[in-house]
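Number of protein chains: 2
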Amino acid sequence: MQPIVAHRSGIDNSDQGEHVEQPKYLDDFQPGQVFRSPGSLTVHSADIKAFAAQFDPQPFHLDEAAAQQTFFKGLAASGWHTAALTMRLLVDTLNIEGGLIGAGFDEFRWPRPTRPGDTLRLDAEVLGIKTSQSKPLQGFLHHRVTTYNQHDEPVLIMTGNLLVPRRSQG
Amino acid sequence: MQPIVAHRSGIDNSDQGEHVEQPKYLDDFQPGQVFRSPGSLTVHSADIKAFAAQFDPQPFHLDEAAAQQTFFKGLAASGWHTAALTMRLLVDTLNIEGGLIGAGFDEFRWPRPTRPGDTLRLDAEVLGIKTSQSKPLQGFLHHRVTTYNQHDEPVLIMTGNLLVPRRSQG
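As you go down the protein sequences, you meet chains F and C in turn.
Residues 1 to 170 (the UniProt record's numbering) make up the first sequence, in order.
Residues 1 to 170 (the UniProt record's numbering) make up the second sequence, in order.
For the record, the hints were derived by calculation from the structure and aren't laboratory data.
Worth double-checking, as some hints may not be accurate.
In the DSSO-like style, the derived pairs of lysine-lysine whose C-alpha atoms are separated by at most 30 Å in a straight line are [as the list claims (entries may be wrong)]:
(1) C:K24 with F:K49
(2) C:K49 with F:K24
(3) C:K73 with F:K24
(4) F:K73 with C:K24
(5) F:K73 with C:K130
Derived DEER-like restraints, expressed as beta-carbon distance ranges [as the list claims (entries may be wrong)]:
(6) F:K130 with C:P111: 10 to 20 Å
(7) C:D152 with F:Q69: 37 to 47 Å
(8) F:A103 with C:D152: 15 to 25 Å
C-beta: ideal position from N, C-alpha, C; glycine also.
Bound-form chain F, shown alone (with noise of 0.2 Å):
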């Protein structure tokens, strides 16, 4: 049985920057701060249909010709393929201590479907800090999350939170 999270390229940690540093704390992140996957990831059809067959079974995720009956007039990945793959990419991006705990969005929207045979790579900017009023030693980081094509189409934008630990001021 093949994988279904893509066929990852250019992700190599060893050799970026970002990664053999220390994990970031809340304090270590300014507005305007832009993050970019260091690699990407190819979404083939056996990849789109695997996902759908196990989370969302619908016509247009799983049969070429099913699909091109609908508003989608072709194969398309799910919705939450494309946040699945996104996570995946963020991984690899964000270095933050005790890891990437999301605390929800505000914004979040599919501007286009992606493909098969799509690649796809994401950038993370930095909206704002919000240091937490009864809990001093953590905070959360307003972010945005856009995921393009290999096109520099937009797939997904995310706008929310994470909960970052701050450093310990003793």
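Mind docking chain C on chain F? Use the hints.
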């Protein structure tokens, strides 16, 4: 290789009134309607690890012992796994002409993680109907999906829009 969707139970569309009916158009929905998933999905630790290995390879999703030392204090499903399982339940819950075509969310949060052994179900509530000015044969179904665990605690809350066709008025 075992399926990673989780283990379905109780989903049998043959005796579900909603599903033997014809697919619904936008005109068939009214604010206040609540659609409950006909079945549920139970998630096991192997499912959690398999999904995470492909899409969200972080210690709290991959290894019980390592997870104990993290924010989650034990193995937790990737939030994207919870989202994908929610979509799997939603496909069995809403029968819409042309399929479920998501137009994005304006609220998306995980109030708590999905844990090994959790059994998920959902409610989908119709919040409103927005017809399109420019495309009179379609519109948006504004809705809130809440996914619950077996303790009736929400694990995912999503508020957003589905693109839904209108009946021809001809």
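Results for each hint:
no., hint, result
1, C:K24 with F:K49, "holds (25 Å)"
2, C:K49 with F:K24, "holds (25 Å)"
3, C:K73 with F:K24, "holds (21 Å)"
4, F:K73 with C:K24, "holds (21 Å)"
5, F:K73 with C:K130, "holds (24 Å)"
6, F:K130 with C:P111: 10 to 20 Å, "holds (19 Å)"
7, C:D152 with F:Q69: 37 to 47 Å, "holds (40 Å)"
8, F:A103 with C:D152: 15 to 25 Å, "holds (22 Å)"
In the structure shown, no violation is registered for any of the earlier numbered hints.
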